[in-house]
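The lines below spell out each chain.
Protein chains: 2
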Amino acid sequence: MTYCVGIKLNAGLVFLSDSRTNAGVDHISTFRKMIVYEQPGDRTMVLLSAGNLSISQSVREILQVEELKERNADGAPITIWNATSMFDAARVLGAAVRHVYDRDAESLKHAGVDFNVSFVFGGQVKGEAMRLFLVYSAGNFIEATNETPYFQIGESKYGKPVLDRVLTPDTPLEEAAKCALVSMDSTMKSNLSVGLPLDLVVYEAGRLQTDKIVCIDADNPYYRMIHSGWGQKLREVFDSLDDPVWDDAATEHPLKMPAARHAVLRKITTPQERLI
Amino acid sequence: MTYCVGIKLNAGLVFLSDSRTNAGVDHISTFRKMIVYEQPGDRTMVLLSAGNLSISQSVREILQVEELKERNADGAPITIWNATSMFDAARVLGAAVRHVYDRDAESLKHAGVDFNVSFVFGGQVKGEAMRLFLVYSAGNFIEATNETPYFQIGESKYGKPVLDRVLTPDTPLEEAAKCALVSMDSTMKSNLSVGLPLDLVVYEAGRLQTDKIVCIDADNPYYRMIHSGWGQKLREVFDSLDDPVWDDAATEHPLKMPAARHAVLRKITTPQERLI
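If you're matching them up, the sequences are chains A and B in order. Per my numbering, the very first residue in the first sequence carries number 1; after that it's consecutive. Per my numbering, the very first residue in the second sequence carries number 1; after that it's consecutive.
Hints are computed from structural coordinates only; laboratory data are not their basis. Careful, some of the hints might be misleading.
Think about it this way: if two alpha-carbon atoms lie no more than 27 Å apart in a straight line, the pair counts; the simulated DSS-like pairs of lysine-lysine are [as the list claims (entries may be wrong)]: (1) A/K126 - A/K69; (2) A/K233 - B/K233; (3) B/K189 - A/K233; (4) B/K109 - B/K69; (5) B/K233 - A/K189; (6) B/K233 - B/K189; (7) A/K109 - B/K109.
Produce the entire structure from the sequences given, and follow the hints as far as they go.
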């Protein structure tokens with residue numbers, strides 16, 4: 001499996017990916033799922049991939065070496081290197097997905113394998129604002145907005161609550177990076193098929209290049225602090241909430257549960273009784 | 001959708017269920033998913049259900065009114081009311097699932113509907129220890145152990161991390177009830193198809209009856225405290241963790257990320273370069 005998250009803030013972009021791939025629990029490997037495409041001063045793009053590895057690798061290869069059908073207004077081919085907007089670059093990525101679909105989907109279907117792939121793709125082209133896209137296996141895509149400033153691919157559920165609680169467009173970049181790492185840590189705790197090392201990129205709006213790229217392994221001191229600190233403090237918070245107190249008396253005490261009063265509604269005490 | 005959780009502790013059992021059912025987002029209803037079967041002093045059993053509502057309702061009806069094929073050693077029919085063990089009662093539940101399968105599965109298949117149902121079923125029969133089972137749509141089942149003291153059915157992922165962090169067989173009953181409510185709150189925050197009211201049962205080991213049954217709606221003061229307190233304190237914990245600091249200098253400072261040094265590994269800067 002995979003867990004990747006891309007976040008678009010006013011201050012910039014944050015991308016985080018794990019690197020575990022599995023074809024069954026007895027066939028686990030490390031494949032990194034993030035690539036940065038960059039011409040400093042002109043464009044920075046980050047691609048995260050999830051799904052069938054043979055498909056995502058083919059898409060990434062084709063994106064670089066084959067001429068796809070996307071054309072600009074003059075009929076000239078668009079590539080990710082000459083696209084004048086992130087939207088056009090996302091179209092190129094979508095075309096690459098469709099190219100692989102045309103080549104592989106029928107054979108995969110014969111083998112009983114779904115054409116399953118998805119990408120988070122974001123960045124900035126000179127002269128345009130930053131943009132962040134989620135590209136589906138049909139090559140279509142959606143764009144992040146202020147209301148939905150992040151996209152996840154792969155095993156998204158375990159790590160979603162903290163993103164929802166923290167992220168807004170005004171979140172500072174480093175805080176969003178921390179949030180992505182907490183989200184990843186929760187995911188890795190609950191799903192063995194998501195694993196280290198992690199790739200993290202933090203991109204500052206308007207810079208058109210990034211030096212904040214780091215590969216995080218189990219020895220990374222910051223990640224170790226997040227891993228132990230979050231678990232321990234979460235437990236402290238849990239302990240700090242009062243336990244419920246059961247009480248039959250009608251009371252306004254905020255921690256008392258009125259016991260038994262609803263019991264008859266859902267309790268069956270004889271074989272003849274029925275309650276659906 | 002549904003979210004239900006059953007927990008088996010040394011001190012007793014905790015059961016919690018939501019009550020939202022949906023057949024598409026434009027067809028949401030309230031159906032309660034918990035039933036308590038009880039002969040005080042002899043047996044207390046709690047049944048939680050998830051999956052296709054027509055199947056789970058049929059199973060619950062059949063469990064009460066039809067004679068199933070399960071027999072004891074003397075050839076007499078076993079019901080949940082005369083079963084001498086929770087294991088036998090779980091067999092009766094499994095037989096009820098198979099009965100509905102035989103009746104409905106083929107027609108459902110013609111309509112393109114999976115035979116999808118699952119149950120958490122636990123309790124205590126006089127003379128035996130408490131037991132907790134997870135019953136699958138094939139009527140087979142597994143039992144909770146000290147290493148895995150809880151079962152979830154329905155939308156389980158959002159609410160799993162807190163259960164994993166808190167629950168052990170030694171967890172006190174009221175703390176486990178709080179944990180189940182936090183787990184439910186996280187699930188409801190992230191999945192609109194899980195909703196109030198909730199049914200909560202806390203059963204004390206050996207009592208063979210329970211008075212701690214409560215239906216929790218949006219006005220319940222304890223649930224409101226959990227809902228606002230958990231979210232707010234989680235945010236405080238998040239804020240209390242330091243943000244990462246980026247630094248090129250090799251340093252042992254625990255919060256510094258060594259930036260850029262791994263950049264070349266995953267960065268492509270010319271169209272000719274390749275990196276899968």
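Each hint tested on the structure:
no., hint, in the structure
1, A/K126 - A/K69, "23 Å, holds"
2, A/K233 - B/K233, "10 Å, holds"
3, B/K189 - A/K233, "21 Å, holds"
4, B/K109 - B/K69, "25 Å, holds"
5, B/K233 - A/K189, "21 Å, holds"
6, B/K233 - B/K189, "15 Å, holds"
7, A/K109 - B/K109, "22 Å, holds"
When held up to the earlier numbered hints, the structure conflicts with none and fits them all.
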